[in-house]
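Asks: Residue strings, one per chain:
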Amino acid sequence: DAKTTQPPSMDCAEGRAANLPCNHSTISGNEYVYWYRQIHSQGPQYIIHGLKNNETNEMASLIITEDRKSSTLILPHATLRDTAVYYCIVRMYSGGGADGLTFGKGTHLIIQP
Amino acid sequence: GAGVSQSPRYKVAKRGQDVALRCDPISGHVSLFWYQQALGQGPEFLTYFQNEAQLDKSGLPSDRFFAERPEGSVSTLKIQRTQQEDSAVYLCASSSPGTTYTGELFFGEGSRLTVL
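Top line first, the protein sequences correspond to chains X and L. Residues in the first sequence are numbered consecutively from 1, following my numbering. Residues in the second sequence are numbered consecutively from 1, following my numbering.
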């Protein structure tokens, strides 16, 4: 799986949009971009994923650049409960259920009141 | 249950003791993964099961680590002769091909092992 680069930490004011960047310049054509987050003392939680189109769900939006070498996770109205470590993961997904995840160190997002 | 359940949540062991960590995946999930997470680091892959078959154990750090899933549901991670460097959170995750094909892994809250 391709390697990703994320800033180690970021701050965001409560109620504002949190924009978390991720570089994945060696991504290949059949690799997806996944985002997970890990709140303190909990297991990682899936947020969103995409291949090349922008994606949105009830938790977040994912913007992938046209060349697919970077992406941004957007939390539109951050709350204190969004304080967590956010992991950007590039991964091939075959649909067979055998594909694991390779985590980096992620970005520690701190939402300030 | 509704989610992945792990027990115990916390385990303190003396160096040299054997420990066993249990994972109850989401009912019907075929795939099961174990990860190890050291303090301040991201989770690292240990091993993978598809039903009862252990298809990948490339991440197990030594032969003191052993995992099983004999009936294709509950899994146990066993660590023999624990060392201080084994202190970590051990995470279990399950997934199923399903119809959505999102590739989402569902994680438990982990078992925190402290070796004294």
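No lab work stands behind these hints, which were simulated from the structure alone. Watch out, some of these pointers could steer you wrong.
As the list claims (entries may be wrong) - Below 30 Å or equal to it, Euclidean Cα-Cα: the simulated DSS-like pairs (lysine-lysine) are:
1) X/Lys-3 / X/Lys-69
2) X/Lys-105 / L/Lys-78
3) L/Lys-11 / L/Lys-78
4) L/Lys-78 / X/Lys-69
5) X/Lys-69 / X/Lys-105
6) X/Lys-52 / L/Lys-11
7) L/Lys-78 / L/Lys-57
8) X/Lys-3 / L/Lys-57
9) L/Lys-57 / L/Lys-14
10) X/Lys-52 / X/Lys-69
11) X/Lys-52 / X/Lys-105
12) X/Lys-3 / X/Lys-52
Asks: Give a verdict on every hint.
Replies: Here is what the structure says about each hint:
1. Straight-line distance between C-alpha atoms of X/Lys-3 and X/Lys-69 comes to about 11 Å, which keeps the hinted pair within the 30 Å bound.
2. At roughly 26 Å between alpha-carbon atoms, X/Lys-105 and L/Lys-78 fall within 30 Å of each other, so this suggested pair holds.
3. With a C-alpha separation of about 13 Å, the suggested pairing of L/Lys-11 with L/Lys-78 holds against the 30 Å cut-off.
4. Note on L/Lys-78 and X/Lys-69: the hinted pairing is violated, with a Cα-Cα distance of about 40 Å set against a maximum of 30 Å.
5. A distance of roughly 19 Å separates the Cα atoms of X/Lys-69 and X/Lys-105; the hinted pair therefore holds under the 30 Å criterion.
6. Note on X/Lys-52 and L/Lys-11: the hinted pairing is violated, with a Cα-Cα distance of about 43 Å set against a maximum of 30 Å.
7. For the hint pairing L/Lys-78 with L/Lys-57, the CA-to-CA distance comes to about 13 Å; that is within 30 Å, so the pair holds.
8. Of the supplied pair hints, the one linking X/Lys-3 and L/Lys-57 holds, its CA atoms being roughly 22 Å apart against a limit of 30 Å.
9. Distance check on the hinted pair: L/Lys-57 and L/Lys-14 sit about 26 Å apart at the alpha-carbon level, within 30 Å; holds.
10. Proposed proximity of X/Lys-52 and X/Lys-69 is supported: the alpha carbons are some 10 Å apart, at most 30 Å.
11. Only pairs whose Cα atoms come within 30 Å are accepted, and X/Lys-52 paired with X/Lys-105 is accepted, the gap being roughly 24 Å.
12. Among the hinted pairs, X/Lys-3 with X/Lys-52 is consistent with the structure: their alpha-carbon atoms are about 17 Å apart, no more than 30 Å.
The structure fails hints 4, 6 (numbered hints given earlier, in ascending order).
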